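Below are the chains, spelled out letter by letter.
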Amino acid sequence: MIEVKDVTKKFGRKTVLNGVNFTAEKGKITCLIGINGVGKTTIMKAIMALTPIDGGQILIDGEKIHKGSYEKITFIPDTITMLPQMKVHEAFMFMADFYDSWNQKRAEELLEFFRLKETDRISDLSKGNTAKVNLILGLALDVDYVLMDEPFSGIDIFSREQIADVFTSHLIEDRGVIITTHEINDIEHLIDKVVLLDNGVVLREFDTEEVRENEGKSVIDVMREVYRA
Amino acid sequence: MDVKFNNRDPVYVQVIQFFKEQIAKGFFEPGQEIPSRRELANQLKINPNTAQRAYKEMEEQGLIFTEGNLPSRITKDEQVLKMVREELVLEAVTTFIHSVRSINMPLQEALKIVEQEYEKE
Chain A
1 MIEVKDVTKK FGRKTVLNGV NFTAEKGKIT CLIGINGVGK TTIMKAIMAL TPIDGGQILI
61 DGEKIHKGSY EKITFIPDTI TMLPQMKVHE AFMFMADFYD SWNQKRAEEL LEFFRLKETD
121 RISDLSKGNT AKVNLILGLA LDVDYVLMDE PFSGIDIFSR EQIADVFTSH LIEDRGVIIT
181 THEINDIEHL IDKVVLLDNG VVLREFDTEE VRENEGKSVI DVMREVYRA
Chain B
1001 MDVKFNNRDP VYVQVIQFFK EQIAKGFFEP GQEIPSRREL ANQLKINPNT AQRAYKEMEE
1061 QGLIFTEGNL PSRITKDEQV LKMVREELVL EAVTTFIHSV RSINMPLQEA LKIVEQEYEK
1121 E
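Chain order of the listed sequences is A and B.
Residue 1 is where the first sequence starts when you use the numbering used here, and the numbers rise one by one after that.
Residue 1001 is where the second sequence starts when you use the numbering used here, and the numbers rise one by one after that.
For the record, the hints were derived by calculation from the structure and aren't laboratory data.
The structure presented is a predicted model; accordingly, all values stated were derived computationally and were not measured.
Heads up, the beta-carbon is just placed ideally off N, CA and C, and yes, glycines get one too.
Any given hint might turn out to be false.
So the derived label-pair ranges between C-beta atoms look like this [stated by the list, open to error]:
1. T1094/B x E205/A: 31 to 41 Å
2. Q1052/B x R106/A: 18 to 28 Å
3. G1062/B x M1/A: 30 to 40 Å
4. Q1052/B x K14/A: 39 to 49 Å
5. D142/A x Q1079/B: 28 to 38 Å
One chain only, chain A, in its complex shape:
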């Protein structure tokens, strides 16, 4: 389980996170929702210890993040971090050098699933295909937790459907996933849990099936209630 406890973060005088609390369980897909600038990416970077926090605590399976944690949790940023002149298989080699948890077989499986070639140069790929390669780099790591920052933004509908397909497959199953998005429509049926953020705090954290069952509301209904209040 990933536990985010009372986390605060300031950039200069601007408070970005003002006591954020939520949990993300293994085997579940948790979705962080909020308009641009509410600190979704900052939370992910804080979980990965890529940015220092000013207060609070973040635990991964009860432990603070340490060097070994990076074999257990991974972050897929919204842009690819590999050099553009690299070919896909070179990016794979880079990952293999860096991580013990790299699973080459799975990477190849994903490549085939997305119908991409390992001889493609990253700079030659379309935006959607670059996003897919980026996704493969993260998903081919045998880690327990995957954080994805806006995996659906700026991508055509078919690529989005393909990416959504990954979520229902064995590639995600049993892992803990946190994704951020501002377009909930495509994935409403895929996610287990929603964390609604605004002004650096969590406005509501809920289980999607529970809200449908007990309140007869869709995720969008709850968002309307929470954000318009």
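On the provided structure of chain A, position chain B as indicated by the hints.
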């Protein structure tokens, strides 16, 4: 399998409803093997946890059964299959009554139209 899910009812409930309809229409036959929860999740584009929940619930209701490590199957229990049909018909009739009543149409008149339209189809 192509299902359009709405966003307000629990997805697992909608999955069960879908199964009941398929059974009642005879698309799923008694004893027929059904997809694994992962296959179902993938086919219906839903969360594997939700597929799991739907199967668990259907197992409890006796709609499907699993023997050992074999794939789950649609029940062969005639009683249960009959109940599924009845339940679906009753649901449709209830909705119909509700709509007709709200526009104050007498039963006899409504039934006459039902007969006419039923023949047409």
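> CB of G1062/B to CB of M1/A, is that within 30 to 40 Å?
Replying inline: The hinted range 30 to 40 Å holds for G1062/B and M1/A, with Cβ atoms some 35 Å apart.
> In this structure, is the beta-carbon distance linking T1094/B and E205/A contained in 31 to 41 Å?
Replying inline: With a Cβ separation near 36 Å, T1094/B and E205/A satisfy 31 to 41 Å, so the hint holds.
>> If I claimed the Cβ atoms of Q1052/B and K14/A lie 39 to 49 Å apart, would that claim hold in this structure?
In response: holds (43 Å)
> Do the Cβ positions of Q1052/B and R106/A conform to the proposed distance bound of 18 to 28 Å?
Replying inline: holds (23 Å)
> Taking the beta carbons of D142/A and Q1079/B, is their distance inside 28 to 38 Å?
Replying inline: violated (47 Å)
Violation of the numbered hints given earlier is confined to hint 5; every other hint is satisfied by the structure.
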